[in-house]
Amino acid sequence: RKEVEQDPGPFNVPEGATVAFNCTYSNSASQSFFWYRQDCRKEPKLLMSVYSSGNEDGRFTAQLNRASQYISLLIRDSKLSDSATYLCVVPSGGSNYKLTFGKGTLLTVNP
Amino acid sequence: EAQVTQNPRYLITVTGKKLTVTCSQNMNHEYMSWYRQDPGLGLRQIYYSMNVEVTDKGDVPEGYKVSRKEKRNFPLILESPSPNQTSLYFCASKGANQPQHFGDGTRLSIL
Numbered sequence: 015r016k017e018v019e020q021d022p023g024p025f026n027v028p029e030g031a032t033v034a035f036n037c038t039y040s041n042s043a044s045q046s047f048f049w050y051r052q053d054c055r056k057e058p059k060l061l062m063s064v065y066s067s068g069n070e071d072g073r074f075t076a077q078l079n080r081a082s083q084y085i086s087l088l089i090r091d092s093k094l095s096d097s098a099t100y101l102c103v104v105p106s107g108g109s110n111y112k113l114t115f116g117k118g119t120l121l122t123v124n125p
Numbered sequence: 004e005a006q007v008t009q010n011p012r013y014l015i016t017v018t019g020k021k022l023t024v025t026c027s028q029n030m031n032h033e034y035m036s037w038y039r040q041d042p043g044l045g046l047r048q049i050y051y052s053m054n055v056e057v058t059d060k061g062d063v064p065e066g067y068k069v070s071r072k073e074k075r076n077f078p079l080i081l082e083s084p085s086p087n088q089t090s091l092y093f094c095a096s097k098g099a100n101q102p103q104h105f106g107d108g109t110r111l112s113i114l
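Protein sequences appear in the order of chains A and B.
The numbers in the working numbering rise by one with no breaks, and the one at position 20 of the first sequence is 34.
The numbers in the working numbering rise by one with no breaks, and the one at position 17 of the second sequence is 20.
Just chain A, same shape as in the assembly (with noise of 0.2 Å):
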């Protein structure tokens, strides 16, 4: 298994839908988890982190499977600001400070 290995997209979804990536990790040892947001051309932006079961924020729900190592993360009611590259990050070595980031997930939002 891949390191951090993310569903290859691209989401193309209509406004309103809701949408659902996943994303698996090799390193049974990790103990958090992120799933940063990254706008064409511009730095990854923290979206949620996962220290547990899950986490929700609004639209956005996470969640934490470790016995299947895999992370979901869900986006209700879309809208077109959510267009976007969903990046997948699991801590390496058991520390948090070297990351190793999924390839992305494209989500463009339609109206």
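One or more hints might be untrue.
[Stated by the list, open to error] Each computed DSBU-like pair below joins lysine-lysine, with the alpha-carbon atoms no more than 30 Å apart:
1. A/K16 - B/K68
2. B/K21 - A/K16
3. A/K93 - A/K56
4. A/K59 - A/K93
5. A/K56 - B/K74
6. B/K68 - A/K56
7. B/K60 - A/K56
8. A/K59 - B/K60
[As the list claims (entries may be wrong)] Chain A is nowhere near these chain B residues, computed Cβ spacing over 10 Å in every case:
9. P11
10. L14
11. T18
12. L46
13. E65
14. G66
15. R75
16. K97
17. S112
Simulated from the structure, these hints should not be mistaken for lab results.
Cβ atoms here follow ideal geometry from the backbone N, Cα and C, with glycine treated the same way.
Given the coordinates of chain A, assemble chain B onto it according to the supplied hints.
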């Protein structure tokens, strides 16, 4: 305002001509890191630094050097740039129990 500042933002140069990309943060963060982002490969960590005078290799350190003489600065040095180092580079910093803050990115083209 909390910032990670990279310079230059854009640079076109030639093979073999030494260059330095500067990175400065004003948040008194101990941790700083450099990444490169390439199409199809995602963000890959080059070097990171846990504190002043403490640096360590990331996943793709070959061809790069860094230094951390003071907490706020973490320059990335390409002693003899080659075309395969053409990429989008991001610097990031992080405080304890905080997410990474990324700079705006530096787009390097090595001809």
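Review point. Would B/K97 pass as off the interface with chain A, using Cβ distances and a cut of 10 Å?
Key: Non-interface label fails for B/K97: nearest chain A Cβ at 7 Å, not farther than 10 Å.
Review point. Can the restraint linking B/K60 and A/K56 be considered satisfied, given a maximum Cα separation of 30 Å?
Key: holds (25 Å)
**Study point:** 30 Å Cα cutoff - pair A/K56, B/K74
**Key:** holds (25 Å)
Check your understanding: Is the nearest Cβ of chain A still more than 10 Å from the Cβ of B/G66?
Key -> Holds: least Cβ distance 19 Å, greater than 10 Å.
Practice item. Would you check the hint for A/K93 and A/K56, treating anything up to 30 Å between C-alpha atoms as holding? Key: holds (19 Å)
Check your understanding: Does the structure keep A/K59 and A/K93 at a Cα separation of 30 Å or less?
Key -> Between A/K59 and A/K93 the Cα gap is close to 18 Å, so the pair holds against 30 Å.
**Study point:** Proposed proximity, A/K16 with B/K21 (alpha carbon, max 30 Å)
**Key:** Given pair B/K21, A/K16 is violated - Cα atoms ~34 Å apart, limit 30 Å.
Check your understanding: Was B/S112 rightly flagged as not at the interface, with every chain A Cβ beyond 10 Å?
Key -> holds (14 Å)
Practice item. Evaluate the condition: distance from the CB of B/E65 to the nearest CB of chain A exceeds 10 Å. Key: Per Cβ check, B/E65 is outside 10 Å of chain A; nearest 17 Å; holds.
Point to revise | Status of B/P11, Cβ more than 10 Å from any chain A Cβ | key: Since the minimum Cβ distance to chain A is about 15 Å, B/P11 lies beyond 10 Å and the statement holds.
Exercise for review: Taking the shortest Cβ-to-Cβ distance between B/L46 and chain A, state whether it exceeds 10 Å.
Suggested key: About 4 Å separates B/L46 from the closest Cβ of chain A, which leaves it inside 10 Å; violated.
**Study point:** 30 Å limit on alpha-carbon distance, applied to hinted pair B/K68 and A/K56
**Key:** Cα-Cα ~24 Å, so holds.
When held up to the earlier numbered hints, the structure conflicts with 2, 12, 16 and fits the remainder.
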